[in-house]
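Undergrad: Position one of the sequence shown corresponds to residue 276 (the numbering used here), numbered consecutively onward.
In case anyone wonders, no lab produced these hints; they're calculated from the structure. Accuracy of the hints is not assured; some may be wrong.
[Said to hold, decoys possible] In silico DSS-like links for lysine-lysine, alpha-carbon gap of 27 Å or less: (1) Lys455 - Lys406; (2) Lys1490 - Lys1104; (3) Lys1180 - Lys1127; (4) Lys1197 - Lys1277; (5) Lys455 - Lys1180; (6) Lys1315 - Lys1420; (7) Lys1104 - Lys1201; (8) Lys1127 - Lys1080; (9) Lys1452 - Lys1424; (10) Lys673 - Lys1420; (11) Lys673 - Lys1424; (12) Lys1277 - Lys1361; (13) Lys1315 - Lys1127; (14) Lys1452 - Lys1361.
[Stated by the list, open to error] Distance windows between CB atoms, simulated: (15) His759 - Gly389: 19 to 29 Å; (16) Gly507 - Leu1461: 42 to 52 Å; (17) Pro1372 - Asn1326: 32 to 42 Å; (18) Asn1421 - Gln1041: 54 to 64 Å; (19) Ser504 - Trp1076: 37 to 47 Å; (20) Glu543 - Pro606: 30 to 40 Å.
A virtual CB, placed ideally from N, CA and C, is assigned to each residue, including glycine.
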Amino acid sequence: MIAYQSPPTIKMIVISTVNKRGKMQKYNTVKIIGNIFIILLSLSEMTWAGDLFIDPASPLVAVGDQITLTVTNASGDVRWFAFDGEIQGEGASITYRAPAIPSIAVVTAADSAGNSGTVSVVVMEKTALEKWFSKENANWELYTNRSHISDLLLSDDKMTLWVGTTGGLEERNARNGQLKTIYTNQDGLPDNYVDVLVSDGLRGIWVGTWGGGLAHLTSKGIWEVFNSSDSGLPDNDIDSLVSDGSGGIWVGTDGGGLAHLTSKDIWEVFNSSNSALPDNDVASLVSDGSGGIWVGTSGGGLAHLTSQGIWEVFNSFNSALPENYVNALVPDGSGGIWVGTSGALLEEVGGGLAHLTSQGTWEVFDSLSSDLPDNYVNSIILDGSGGIWVGTSNGLAKMTTQGSFELFYDSSSGLPDNLVYSLLSDGSGDIWVGTSGGLAHMTNQGIWEIFDSLNSDLPDNHVNSVISDGSGGIWMGTSGGLAHMTNQGSVEVLDSSNSDLPDNWVYSLASDGSGGIWVGTAGGLARMTNQGNFEVFDISSSGLPDNCVNALVPDSSGGIWAGTSGGLAHMDSQKNFEVFKSSDSDLPNNFVNSVISDGSGGIWVGTWDGLAHMTTKGNFDVFDNSNSDLLNNWVYALISDNSGGVWAGTWGGGFAHLKSQGTWDVFDTSSSDLPDNYVNALLSDGSGGIWVGTYNSGLAHLTFSSGIIEEEQYLTGGRSAIIIAGGGNSDDNSLWDSTSKISNYTYKMLNKRGFLNTDIHYISPQSFADFNGDGMDDRIVDAPTPSRQLQQSDIQDAFDWAKTKGDLNQPLYIFFTDHGGNNRLQLAKGVYIEAEELNTMLDDYQQTTGNKLILVIDACHSGTLVESLAAPDRAIISSTDDGLAYFDRYDDQSFNYFVTKGLFKGMNFVEAFHYATSAQKKLLGKLSDYATVAGDEPGGYSQEPQYDDSGDGFYSISDEGQWLKQVAINGSVTMADITLQVTPLIDSGMVSGSTSPQILLKAEATLSAGRVERVWAVIRPPQMDIIVDDTGIPLLAFPKANMAASKTEENVWEGSYDGFVYNGEYEVTFYAQDNEGNIESSDSIKLTVADGMDCPPKASLTVNAEKAVYQPGESLTISVTEHLAYGYDLYVALFLPDGRFTALKNPVKDSKGLQQLEYNRIYWGDRWMDMHREMGKPVTVMDIMLPQDNLPEGLYCIYAALIPQGQDLVTAIGKGVFVLGGVCFEVSGKE
């Protein structure tokens, strides 16, 4: 008989935290934990076949070897059948011995109730299987707790949203919130707890962490770290930062006072001992605009340090400041300052919002005297109209200039949580809100977008154990009782008050094989039957050695093994106990953390003093750090590898794999991407991968290849692919971000379809590459090392690598993405590989190996290479003919993206080619009807992909495809990963361009697994310019409208667009993206406007002044009106009579504001920051009263320019790709 193996158990400890000022954190840990286990359910590779669930669901085994298979939800006796190989044992858990040749073996289980299940066992050669699970083929996906948002920062160019969280630093697209990169302590960040962010003014950022000191991420991606041990920083806990305006930084610390790092790298420290700083805990900082700073402290009130070094202190004793705990500061724009305060801890008494005016008077708003929702004020920002936004610990408030409040709560708005930590304006009336429950974006139309974790109703934040219920749901042992989450997400809770559960602290769970469960608690062992009845065993009523039951595993005879804090116990089906302790056996320690079956009648035991294996004869083999590769003796978590080995998670030593052959693989933070060496949870994903729960760094997923080969012809022989991310990653390559993401997506496709890391050679000038979408570096780029721009030798090195792979069971696949030219591909700026050079490399590879190859090129003029590279047994696929190739640089779609998606789905190359051709034409839409900014007539732009697989070098549909239609990546098995669909919920028809400024957009987005991350609409107007970059490549800058999930309709997303203003036909297409990065589009609808403005043929703008001559004391209003400015950035510049000039980035509403502008410089980041510009409506850029005195007389000019989005101002003007308008007026003292 084979010992029954329980479903995998995962333990997790969540520590309640007190924040740095002694205040209890209002983390919504329930949401975080719920999200982790929904991830475990939705992202694992466990599948359902028939009515019975077989674990593992995607087993791999070497020829002639054995693997344990288990049914967890059977009713009655279980019978097993194998069409190849041999079944050993009987019951719910058996051993399957594989046949002697590689094959796909089918194993079926059936129970006495008529339920059945089937699993395919992949049988591979031993060497192939060892390679599959080697450390070099390990892929990591990390999930850190980033729902607690500490701070938000918008980059100087308003393109990037930086998000500081307690789980790392996020880099997001500021236009749609899409996550780009996550930086953690593995990437150079000194600590994952990011507390405060500020720009360095040079496209880099300063990062203040909690415990790790100060970090500087330069514009080149280089990290500089300053801490108290290697610099003048007085404390490593950073509360606040502000630029000094001269290249230096002011740093507020928790306990170390105020520090100043000058641009010359000199440190100055001010504390309560050497200055008038009232408290050494500096919670908030802001510039006073005159070279000094305002300093908010935690306990000492508010201080002002002037540029002359003079201190002025305001506290609750000498002023109207309501409390001495100052959390937030923001200038009011008129010389005064808004002050957000709180009481000590979370006290309601005291605190609130205060305003110190430039005249020195105080105004105070609190929850008793106003509608302020809470006296604990965490953040304040100006709303741009004289009012302010206030983030409190009990909601978000907007205070108008009249002093009235508009309130937003999580119960009545899209706010994800009432605890609001940070606020940020994007300059267009929209705001970003950081809460303890996630990130939110509210548009100026009041539409909310949420970027947060999923929710659950767990009874307690401490989740200690989880098992499957056999029906798609899970049982969870928490510190507040036993919880059952169904496959629909509903939660039922059993505790000591509503059941016979002996204690609410549930440590361990196991199935009893009959629909019931075993429950290990702090008060003993319990069995809950499938009828919900409890039977309890404790030290007073049984032979249990200790009431604290940490681990459980059933035996094959109706009994149970229990690991307790007082030894190991076995209770048989007759309820007789046998106990093993360190005093009477070779058990290394009585504190047993984990127990699992070895699949052969014995058990593995994890203790405080090592790992023990107890055989069926009762003998113990002990492994510890003195006699094995185990790095730490505290073995906290165990799971079987189903092949006679075991995975062991330790407390401080990472986790290790002891294979059945007795060899070890060890994974820790120094030798792998494991985020934390304290591992307290392990769970099989059913496909040879491992879910790893860590103590302080979230959840990690270790896989070796996400795809399983399901066609026997691909089980033997090699496979190889080369990915070339070309063009160069220099700032002047506007394609680079899309090239990188599309190349990563190609890697993901190969990985999902069974390619290992060692089967892929990835060439990129950027070492960072994230293919699984977790925002972390997956370390998959192979060359060049160290990172640099690509050279021709890198391509030759890739082919030399491919030659070492020998004979392949399918062609060598090569994917190139980025710029190209006539018979050449761009590797970097000024560096090309010519067709003749590339052809020589291809010939050499094929002559050496005899392998076929397929080269897919997505680049302009790539069709010219189809003929140049043609040869027998070689297919060349190009994204275009001798014309241009188009990239959607905002959503990172292009021909290669679509080819990759087709291959991902299991299409052959001919099917993928036609799929991509159709999708690319849909992406371009009405492009051929438009003209470029430099042209007067429609350009007739189109894209005509080509391919040749016959070797003649010419694309002819009738002659091509006989070979390529037989080739799919690792076979044509259909993948279930891409099930995303998006459907319009509005019909084509007429809309008003004059009476309906906001047109409702509505679509349904569905998928069978995973989740929809975002939905948006692309609107192709009746006319627009084709926006081109400085290389002449179109940008596809169609207008877009982001949408939000409906609160009332499932799977429905809603949004609006106010740009239906011109007469003519608008083509609207909806797009959706899932959590795997897949994008799908809908059929297009057509909306027609007949009562709007006549549509001009080209983009234009006018600058408007009311008259030509002004006198001091008169009102001056200047506005800019744009038409067809889709895809353009707006720049506005003021030229003074003396020749000085300056960029206007925001409306100038006060003549004093002219004195604060920076003159004689305009650069890329100086564009107009109000991103919500309306076609045909004037935008006020200046509205001031001209001063009576000290105003230079003479000619003033204001110029406005439309520059292609994201392009360099000077370069665009030099190449003539711009639209210009302007007005000049005279200021004269003479009437």
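Undergrad: Each of the hints needs a verdict: does it hold here or not?
TA: These are the hints, each one checked on the structure:
1. Lys455 - Lys406: Roughly 31 Å separates the two Cα atoms, so the pair is violated.
2. Lys1490 - Lys1104: 18 Å, holds
3. Lys1180 - Lys1127: Cα-Cα ~22 Å, so holds.
4. Lys1197 - Lys1277: 20 Å, holds
5. Lys455 - Lys1180: The given pair, whose Cα atoms are some 25 Å apart, holds under the 27 Å limit.
6. Lys1315 - Lys1420: With Cα atoms ~23 Å apart, lysine 1315 and lysine 1420 stay inside 27 Å; holds.
7. Lys1104 - Lys1201: Status violated; Cα separation ~31 Å.
8. Lys1127 - Lys1080: This hinted pair holds, its Cα atoms lying about 13 Å apart.
9. Lys1452 - Lys1424: At roughly 19 Å apart (the allowed maximum being 27 Å), lysine 1424 and lysine 1452 satisfy the hint.
10. Lys673 - Lys1420: 24 Å, holds
11. Lys673 - Lys1424: Holds, because 22 Å separates the two Cα atoms, which is no more than 27 Å.
12. Lys1277 - Lys1361: 14 Å, holds
13. Lys1315 - Lys1127: Violated, at about 43 Å.
14. Lys1452 - Lys1361: This hinted pair holds, its Cα atoms lying about 24 Å apart.
15. His759 - Gly389: 19 to 29 Å: 26 Å, holds
16. Gly507 - Leu1461: 42 to 52 Å: 48 Å, holds
17. Pro1372 - Asn1326: 32 to 42 Å: 41 Å, holds
18. Asn1421 - Gln1041: 54 to 64 Å: 34 Å, violated
19. Ser504 - Trp1076: 37 to 47 Å: 43 Å, holds
20. Glu543 - Pro606: 30 to 40 Å: Hint violated: Cβ distance 23 Å, outside 30 to 40 Å.
Of the hints listed earlier, those the structure fails to meet are numbers 1, 7, 13, 18, 20, in rising order.
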